[in-house]
Amino acid sequence: MPASPPGDERRKRRLALVGGSLGNLVEWYDWFVYASFAIYFADSFFPGDNPTTQLMNTAGIFAVGFLMRPVGGWILGRAADRHGRKSALTLTVTMMSVAALLIAVAPTYGQAGYFGALVLLLARLLQGMSIGGEYAASATYLTEASARNRRGLGSSFQYVSMTCGQLLGLGILITLQHILTTAQLESWGWRIPFLVGALFAVVVFWLRRRLQETDAFKEETAAAEGEDAHDDSTRGTLKALWHYRRQAGLVMALTLGGTVAYYTYTTYLTKYLVGSAGMEKTTATLVSFTALALFAVLQPFAGMLSDRIGRRPLLITFAVGCTVGTYPIMTALGSASSYWSALGLSLLALVIVTGYTSINAAVKAELFPTRVRALGVALPYAIANALFGGTAEYVALWFKNSGHETMFFWYVSGCALISLVTYVLMPDTRNAALSRAEAEADGEAARERPAAAPAEAAR
1 MPASPPGDER
11 RKRRLALVGG
21 SLGNLVEWYD
31 WFVYASFAIY
41 FADSFFPGDN
51 PTTQLMNTAG
61 IFAVGFLMRP
71 VGGWILGRAA
81 DRHGRKSALT
91 LTVTMMSVAA
101 LLIAVAPTYG
111 QAGYFGALVL
121 LLARLLQGMS
131 IGGEYAASAT
141 YLTEASARNR
151 RGLGSSFQYV
161 SMTCGQLLGL
171 GILITLQHIL
181 TTAQLESWGW
191 RIPFLVGALF
201 AVVVFWLRRR
211 LQETDAFKEE
221 TAAAEGEDAH
231 DDSTRGTLKA
241 LWHYRRQAGL
251 VMALTLGGTV
261 AYYTYTTYLT
271 KYLVGSAGME
281 KTTATLVSFT
291 ALALFAVLQP
301 FAGMLSDRIG
311 RRPLLITFAV
321 GCTVGTYPIM
331 TALGSASSYW
341 SALGLSLLAL
351 VIVTGYTSIN
361 AAVKAELFPT
371 RVRALGVALP
381 YAIANALFGG
391 TAEYVALWFK
401 NSGHETMFFW
411 YVSGCALISL
421 VTYVLMPDTR
431 NAALSRAEAE
441 ADGEAARERP
451 AAAPAEAAR
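If you're matching positions, the sequence shown starts at 1 in our numbering and goes up one per residue.
A couple of the hints might just be wrong.
[Claimed, not checked] Here are the simulated EDC-like pairs of lysine to aspartate or glutamate, each with C-alpha atoms no more than 20 Å apart in a straight line:
id, residue 1, residue 2
1, K281, D215
2, K281, E440
3, K218, D43
4, K218, E440
5, K400, E280
Simulated from the structure, these hints should not be mistaken for laboratory data.
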């Protein structure tokens, strides 16, 4: 088959980047908007006089959604490895749209007792399945669709789109805070962002239907239909993943510190500034919005840096900074008295976290072969997130409620320390071959090197 002209190839890569990123944006908008609006709808589903207890209940449902991520990672990761990244991406956004609509119409405690909380729980479980597959499918798609020397840059757009999804949710929150009263937000205004999310997902469904499949997956499919057809039955299965159990363990260990830090400084930050620093809800929301906007801008630059110097230096920098810096940063944030001081501390934390977020998608995808790449990224990552990322906010509120809030800071530092050991010991994945064509090119280059050595010596 003749090679595509360079211009066509660049347009194809840009379309893949835009399509994969916009879909990811809507997915994570729907996921994060729950956490952003929890301070307004917590008492609609859980009656009582203790705001912290109400937030713990909503955070508990937030965490339960993470428990479905391994299930979604397994089912949708398998689908992505067997039927294509594109089909899995289309399915995940459909599931997320349905879940957002369920939350938007869920009855309150006053209307139907705890049935409303049950609807909320079911919607979060569906969202958890969707996100469990979305992360792996988008990480794999963006990494495979990028040029080999720009995978760090390409994969960084996963967290750009994730963060932009959260920014969109926060932007809607800030807008509603200015046009609605607090009573209106707590009564019915919190439903608006979920309706918006469901509509966005319909648009993205159409967009993802137009995406092209990656070359790496098409190569694998063609090989499975030919000489390797007898191996096709294990593609994307747990049996195939078992052969790469060491890589799966690496994914869990390198995710541990990053996911705890990320959720601490994103979804939990607004609640921490309100509940511990005593900041007004509107000011805390504005701090989060501004910090996350700058955080999103940083991702491509860090991704490009990793394409030049490797992945491990950035990961190690993140882990050292998070291990050493979490306690002083969180302590200072707890006594922040102004917008600017809170913003500066939040930005410092998110700059540190960028060492993980900008490249973690590429690192995980580069650990596995095409036939099990989506499942290999999805399942261990989802398990680590269910155990540590999804529970981060709940653990923080539990320590606060028990009167030992600072213990959470040490918890975050400890998780980062475990990941630091992993980063130091693991190989750098920047030069990994993700397709058969890249592996063949590496083989040819290796065969040419010995022949070139005598010529160099003669000179």
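So, going through the hints one by one against the coordinates:
In summary, the hint linking K281 to D215 is not supported, as the alpha carbons are separated by about 47 Å, beyond the 20 Å threshold. With a C-alpha separation of about 56 Å, the suggested pair K281 and E440 falls outside the 20 Å cut-off, and the hint is violated. Taken as a hint, the K218 and D43 pair is broken in the structure, with Cα atoms around 50 Å apart against an allowance of 20 Å. Only pairs whose Cα atoms come within 20 Å are accepted, and K218 paired with E440 is accepted, the gap being roughly 16 Å.
Between K400 and E280 the CA atoms are separated by roughly 19 Å; this keeps the pair inside 20 Å, and the hint holds.
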